[in-house]
Each structure stands twice: as structure tokens, then as C-alpha cells.
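Please work from the sequences and hints to get the whole structure.
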Amino acid sequence: MDQIESKIKSGLRLSFSDGVCLLREFELHRLGGLADSIRRELHGRNAYYVVNAHINPTNICKVRCPLCAYAVDGSDSRAFELSVGEILRRAESAVSRGVMQLHLVSSIHPDKSFGWYCDIISAIHSAFPRVHIKAYT
Numbered sequence: 433m434d435q436i437e438s439k440i441k442s443g444l445r446l447s448f449s450d451g452v453c454l455l456r457e458f459e460l461h462r463l464g465g466l467a468d469s470i471r472r473e474l475h476g477r478n479a480y481y482v483v484n485a486h487i488n489p490t491n492i493c494k495v496r497c498p499l500c501a502y503a504v505d506g507s508d509s510r511a512f513e514l515s516v517g518e519i520l521r522r523a524e525s526a527v528s529r530g531v532m533q534l535h536l537v538s539s540i541h542p543d544k545s546f547g548w549y550c551d552i553i554s555a556i557h558s559a560f561p562r563v564h565i566k567a568y569t
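Its first residue numbered 433, the sequence shown is counted upward by one per residue in this note's numbering.
As a list, the in silico DSSO-like pairs of lysine-lysine whose alpha-carbon atoms are at most 30 Å apart: (1) K566 x K544; (2) K544 x K494; (3) K494 x K566.
Calculated directly from the structure, the hints in this document are not laboratory data.
Here it is in C-alpha cells:
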């Protein structure tokens with residue numbers, strides 16, 4: 433752990449195995465303190481954040497992930513599917529309020545192709561080229 437901490441304090445990049453070690457072995461409070469000390473060294477007392485908004489194109493999903501409370505079948509009364517126009521209206525509303533990052537969260541719709549998801553990103557990027565898009569995480 434001391435070797436990894438020394439690399440961090442020296443500004444050296446960590447390896448993949450260093451990252452795995454941090455996740456498995458490093459004490460959370462020690463890691464948080466180290467991160468804060470680096471932040472203070474780089475930025476003083478300043479803190480930065482991103483103003484973002486979520487847009488969910490659909491909640492109709494063919495996958496049933498164990499932790500998901502979001503996905504429904506198309507026949508469910510809670511099911512929805514936004515048009516590209518509605519997605520752009522929501523993006524416009526968010527951008528007009530100062531949002532600089534749009535986070536697209538969606539399900540895996542049984543009737544939509546991969547292209548449908550890509551088309552949504554393209555439409556948003558064309559309409560709002562300065563907005564960062566974080567999609568389908």
C-alpha cells in the first residue's frame with residue numbers, strides 16, 4: 433500500500449493491478465484522505481462538479497437484471513418510449529437550465545436496434561454539440 437501511495441503522491445500513473453489492489457486492500461478512509469490531499473494540492477479549497485440531467489428514452493426491456501427496479505414489459509401500464517423529438521425537447525429544457533452533461537440511461541428494448549440508440553446520441557450531439565453525452569452506462 434505504501435508503494436501505491438508513493439506513486440500517487442509522485443504523480444505517477446497507477447497500473448491496472450494497482451487499481452485492483454486499491455479496491456481490494458486499501459482502507460477507505462486512507463484512500464479518501466489521500467484523494468483529498470491530492471485535490472488540495474492541485475486545486476486548493478476549490479471543488480468542481482458537473483450539472484447533468486438524465487434522459488431515459490425507454491423503460492421497456494427484454495432483460496431482467498437482478499437489481500433493476502426500472503425495466504418493464506411493453507404491456508405494463510408504466511411502460512414508455514420517447515420519440516427522438518421528445519428526447520430533444522427534454523435535452524433543450526435541460527440545456528436551457530445550464531446542464532452541460534446529458535446522461536442517457538435506458539433499457540434494452542426488444543424491438544429496437546443498436547442503431548436506434550446511436551441515432552439518439554447523434555441527434556442530441558447535432559442539436560447540442562457543446563453538451564457532454566454520457567450514455568448507456
